[in-house]
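**Q** This is what each chain is made of:
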Amino acid sequence: SQKIEQNSEALNIQEGKTATLTCNYTNYSPAYLQWYRQDPGRGPVFLLLIRENEKEKRKERLKVTFDTTLKQSLFHITASQPADSATYLCALEAGANNLFFGTGTRLTVIP
Amino acid sequence: KAGVTQTPRYLIKTRGQQVTLSCSPISGHRSVSWYQQTPGQGLQFLFEYFSETQRNKGNFPGRFSGRQFSNSRSEMNVSTLELGDSALYLCASSPGQGVYGYTFGSGTRLTVV
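Protein sequences appear in the order of chains A and B. If you read the first sequence in my numbering, its first letter stands for residue 1, the second for the next number, and so on. If you read the second sequence in my numbering, its first letter stands for residue 1001, the second for the next number, and so on.
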């Protein structure tokens, strides 16, 4: 069955450093992969989508890479800030408008 | 433009009751998906509607149902509530395909006692 693993449940980093989150998947060949941010008690917020034929995508301080051979995506936040503290979720399209989510990584940026 | 609106924001129900949750998508979006989020299982797909038709359904019992109206607003219904149905229910809207990402509402927090 399809499985998505995000490297760790929680990640603490110092303000100003680069946070790197990992998303690994098995038994699936997605056309694209998405990353979301979720704050407590709120719905996920879409951040970035990367297609299978794209190696890298950037948006401001965010960067996503997608390696379909390794079946892995890396999500980077550069110059991290305490406001970046949240849970980050990766998601694959498992069917028509059916997102299959990872369990998320809770990022805490320490001032 | 207005985001995805879910009502009510919080709900407390008793076991055995039924509940209806509402979702108004972004104007112009014709697809509405529903998700259940719990601490143990994370975000799980319930079903998706597009132009009033259910196109996709997750692995949930028949107690969970939904519908979509001609104005794209959607409702989901859970009958014969169980304690395990306590969760954050989220809906997400998109124009049709998710190639531009999905916009989620803030969710309805359902507590079954």
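Simulated from the structure, these hints should not be mistaken for lab results. Take the hints with a grain of salt, since some may be wrong.
Which bits of chain A does chain B cover? Going by a derived footprint, with three or more residues having C-beta under 8 angstroms, they are [to be verified]:
id: 1; segment: 7-14
id: 2; segment: 77-83
Subject to a maximum C-alpha distance of 35 angstroms in a straight line, what follows is the list of computed DSBU-like cross-link-like pairs (lysine-lysine) [stated by the list, open to error]:
id: 3; chain 1: A; residue 1: K3; chain 2: A; residue 2: K63
id: 4; chain 1: B; residue 1: K1057; chain 2: A; residue 2: K57
id: 5; chain 1: A; residue 1: K3; chain 2: B; residue 2: K1013
The beta-carbon is built from N, C-alpha and C at its ideal position, and this holds for glycine as well.
**Q** Determine for every hint whether it applies to the structure shown.
**A** Quick rundown of the hints versus the structure:
no. : hint            : in the structure
1   : 7-14            : violated (count 0)
2   : 77-83           : violated (count 0)
3   : K3/A / K63/A    : holds, 23 angstroms
4   : K1057/B / K57/A : holds, 31 angstroms
5   : K3/A / K1013/B  : holds, 33 angstroms
When each numbered hint is compared with the structure, violations occur for hints 1, 2.
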